[in-house]
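Now for the letters of each chain:
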Amino acid sequence: MISEIRRQFHQLTNIDPMRMGGGQKEVFRAILNGEAVALKLIRVYASDQERTEREIAAVTKLNSDYVPEIYDSGKCRIFGEERNYIIEQFIEGGTYRQILDSRPVQELNDVLFLADQLLKACSDFETADLVHRDIKPGNLIIDPGGRVWIIDFGLVRHLDLPSVTPSGLFGVGTPGYAAPEQFRNLKFLINIRADFFSIGVVLYEALRGYNPYFVPPTNQLEIIRRVEQQNLPRLSIPGDDGGFSEFINALAQRFPSRRPQSAAEAIDWFVQIYSRLRR
Amino acid sequence: MEFYLQFGWGMMGLTEELLRNWGGGKVILSPRDLEPQQVPRFSQKVLSLTGEVLLDPQCYARGADHHRLLRHEYFQIFKSNTSSSLLTGPGAEQLLSALARLVAPLGIRRHILPSLLANTVDDLWFAFQERILEEALNHFRDDSLLATIALSSVSMLDEDQVEAVIDRASTWPVNGFYVVAESPSGYLVDNPMWVANLLILTSGLKLLDKEVVVGYCNHQSLCLAAANVDAISSGTWLNLRNFPPDKFYMPSIDDVSIPTPIAWYYCPHALSEFTLPFMDIAKKQNVLDEMRCNPAAGSNYADVLFTGASPASIRWGKDQAFRHYLTCLRSQTASVRKGTYRETLSSYRQMLSEAERVLHRFNSLGVFGLDRDFRNYIDVNRSALIYFDQARGHQLRRNW
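If you're matching them up, the sequences are chains A and B in order.
Start counting the first sequence at 19; every next residue gets the next number (my numbering).
Start counting the second sequence at 3; every next residue gets the next number (my numbering).
One chain only, chain A, in its complex shape (with noise of 0.2 Å):
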């Protein structure tokens, strides 16, 4: 496999598997003109196609600096079998899911960096007219300097472009993460919104210590019952004056009209109380 890719990818150097075998998506390590790029490949399916490249298209089109950057994408022949590719910006460190389960409860300074950046990454979205749609502890990388990367935009929607998920009565997302209007396939509701949900379902869990939709636990369809009738109960935080606990409730609302409405409401927001709270 390894020569196979070598040949193919003849301007890659130093190439090891990162994530192999199964599965649509294979990630390789290399280097590129001496820089650490993310080599993946990805099966192709006629039904994901369009997916794929929206994926592709959604990346090169953010200006962020929570994204890593793509560098090259198009297509391939992995032992006669056609790939699409991408090389991307390598990032280091490991995932916040790997933090998580280390260590369940966060330092607050840390979870307010951490909201920080991803609303600074939400407001590249926006502007982008993008909605990520899948952000959860698996699909954000922390580098050693304690940057946020974030990663996986699979289930991107393009808001300016008409939507290439089925219609229906469910949509896409990971149960737990994902805003309720997802998993209803109310297309005409989903927006920045629906990543604020995540991105407070996140800071919950990393004060909490667990994801309260998964407790006690039990199966997917429960799961995502319990985003659509449950109010997260109010996060009692040392060091916190009930500010942020309040912030965070808020972009967690099961209600799409009681989030903040959009990345400059709720970093207006946040400012105030990352200025007070900030050690």
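Keep in mind that the hints were calculated from the coordinates and are not lab data.
Be careful, since some hints might not be right.
Derived contacts from chain B toward chain A, CB cut-off under 10 Å, selection only [what the hints assert, rightly or not]:
hint, residue
1, S155
2, V156
3, L159
4, D160
5, E161
6, R170
7, P175
8, N177
9, I202
10, E213
11, Q392
12, Q397
13, R400
Derived SDA-like pairs (lysine to any residue); straight-line CA-CA distance at most 20 Å [claimed, not checked]:
hint, chain 1, residue 1, chain 2, residue 2
14, A, K205, B, E19
15, A, K205, B, D169
16, A, K205, B, S172
17, A, K205, B, W174
18, A, K205, B, N378
19, A, K205, B, L290
20, A, K205, B, Q163
21, A, K205, B, D162
In this text, all values refer to a predicted model and were calculated from it rather than measured experimentally.
Backbone N, C-alpha and C fix where the C-beta goes; we use that ideal spot for every residue, glycine too.
Use these hints to put chain B onto chain A, whose structure you have.
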């Protein structure tokens, strides 16, 4: 917050008098209570008194059969078209055409659009709303459109349905909304969730940067100032101070009851109404003067009750009572909204506390408002505001 007159049966003279005293005002006309030929004549009268006229088409129920409603051409079209015709056929176009003909001579530039009462907020109800909107854009091109949102008491008690309305309404190309909400308990509402949902609904619509007018209100609706509502509307009889869908039907012979001509005195600082016999008790207990409204309320319609004689012995009837109530309510409506959300909420909470204090004193001396005594509703509004503040406070603190 502005105050509109909700027109009803027998209100022509009263409307003219109040508009004259107030230097103008806005009136929501009711086809149920006006013959077709009266509509343009009365509209002209209102306009001549520096007033503005809106017309509520009252297409709330397909089965409505009130004889005066049926005399209006547009309502005949509404009734005679099938649901299918209204939704997908020529019915909506015919209805809006007829409405446009009715309002053309009235000088109306803000149009309340027809809407069915939503027993349940569902796709069918949305489909009807949006079909009407589609035609309205053709017939009232350059004018301001207010989409009617008429919700049954069942829908009003369901937070999910209320939010679904806000979500869908965010896509409608209108300038504002006219909200009417069926009460679950008659005149004053004893269910805090209903009040909270009305606050949530109207504030959610207002946060869409649109005008919001709430119809069929009473003094319990003063809390809507916290939702940043633009205007509330109220009238004389109780069926103009709460929204009873059955008023658009002809009463059966067995149901007809002769309304008892009781005059209720509205004490604004108690947020309560009292019958004259209880005002006699107040006089005997030396607290009658404490029931007198502040001159700033602008009403002298009840001054005669405080001249020394026993109130129940004074010829003071419903006509004076109606004028007094509406004048006081208009004054309270104008002053209840403050410069910020926090100030408005605080001010209204103080209004409730003051009413509670006053009523405690009156009640302890045997002066009761019976079923219009607001002591039973103070905690209803308080509870609703707490829930509402948790739901929307953070938004309204930033968008006022």
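Results of checking the hints against the structure:
Because the beta carbon of S155(B) sits about 21 Å from the nearest beta carbon in chain A, more than 10 Å, this interface hint is broken. About 18 Å separates the beta-carbon of V156(B) from the nearest beta-carbon of chain A, more than 10 Å, and the hint is not met. Interface hint at L159(B): violated, since its Cβ lies 16 Å from the closest Cβ of chain A, which is beyond the 10 Å cut-off. A cut of 10 Å between beta carbons decides the hint on D160(B): the least distance to chain A is about 12 Å, and the hint is violated.
Of the supplied interface hints, the one on E161(B) holds, with its beta-carbon coming within about 8 Å of a beta-carbon of chain A, less than 10 Å. Taking 10 Å as the C-beta cut-off, the interface hint given for R170(B) holds, the closest approach to chain A being about 8 Å. Contact between P175(B) and chain A, as hinted, is not supported at the beta carbon level, the nearest pair being about 13 Å apart and thus beyond 10 Å. For N177(B), the shortest C-beta to C-beta distance to chain A is roughly 19 Å, which exceeds 10 Å, and the interface hint is violated.
The closest approach between the C-beta of I202(B) and any C-beta of chain A is roughly 8 Å, which is under the 10 Å cut-off, so the hint is satisfied. Annotation: interface hint on E213(B) violated; nearest CB of chain A at approximately 17 Å, more than 10 Å. At about 9 Å, the closest approach between the beta carbon of Q392(B) and any beta carbon in chain A falls short of 10 Å, and the interface hint on this residue holds. With a cut of 10 Å, the hint placing Q397(B) at the interface with chain A holds, because the nearest CB-to-CB distance is about 7 Å.
Satisfaction of the interface hint for R400(B) is found here, the shortest Cβ-Cβ separation to chain A being roughly 7 Å, below the 10 Å cut-off. In summary, the hint linking K205(A) to E19(B) is not supported, as the alpha carbons are separated by about 52 Å, beyond the 20 Å threshold. Restraint check for K205(A) and D169(B): the C-alpha separation of about 11 Å stays at or below 20 Å, so the hint holds. Annotation: proposed proximity of K205(A) to S172(B) holds, straight-line Cα distance about 13 Å (limit 20 Å).
For the hint linking K205(A) to W174(B), the alpha-carbon distance of about 15 Å falls within 20 Å, and the restraint holds. For the suggested pair K205(A) and N378(B), the alpha carbons sit about 44 Å apart, so the restraint of at most 20 Å is broken. Proposed proximity of K205(A) and L290(B) is contradicted: the alpha carbons are some 61 Å apart, above 20 Å. Between K205(A) and Q163(B) the CA atoms are separated by roughly 18 Å; this keeps the pair inside 20 Å, and the hint holds.
Using a Cα cut-off of 20 Å, the hinted pair K205(A) and D162(B) holds, with the two alpha carbons roughly 17 Å apart.
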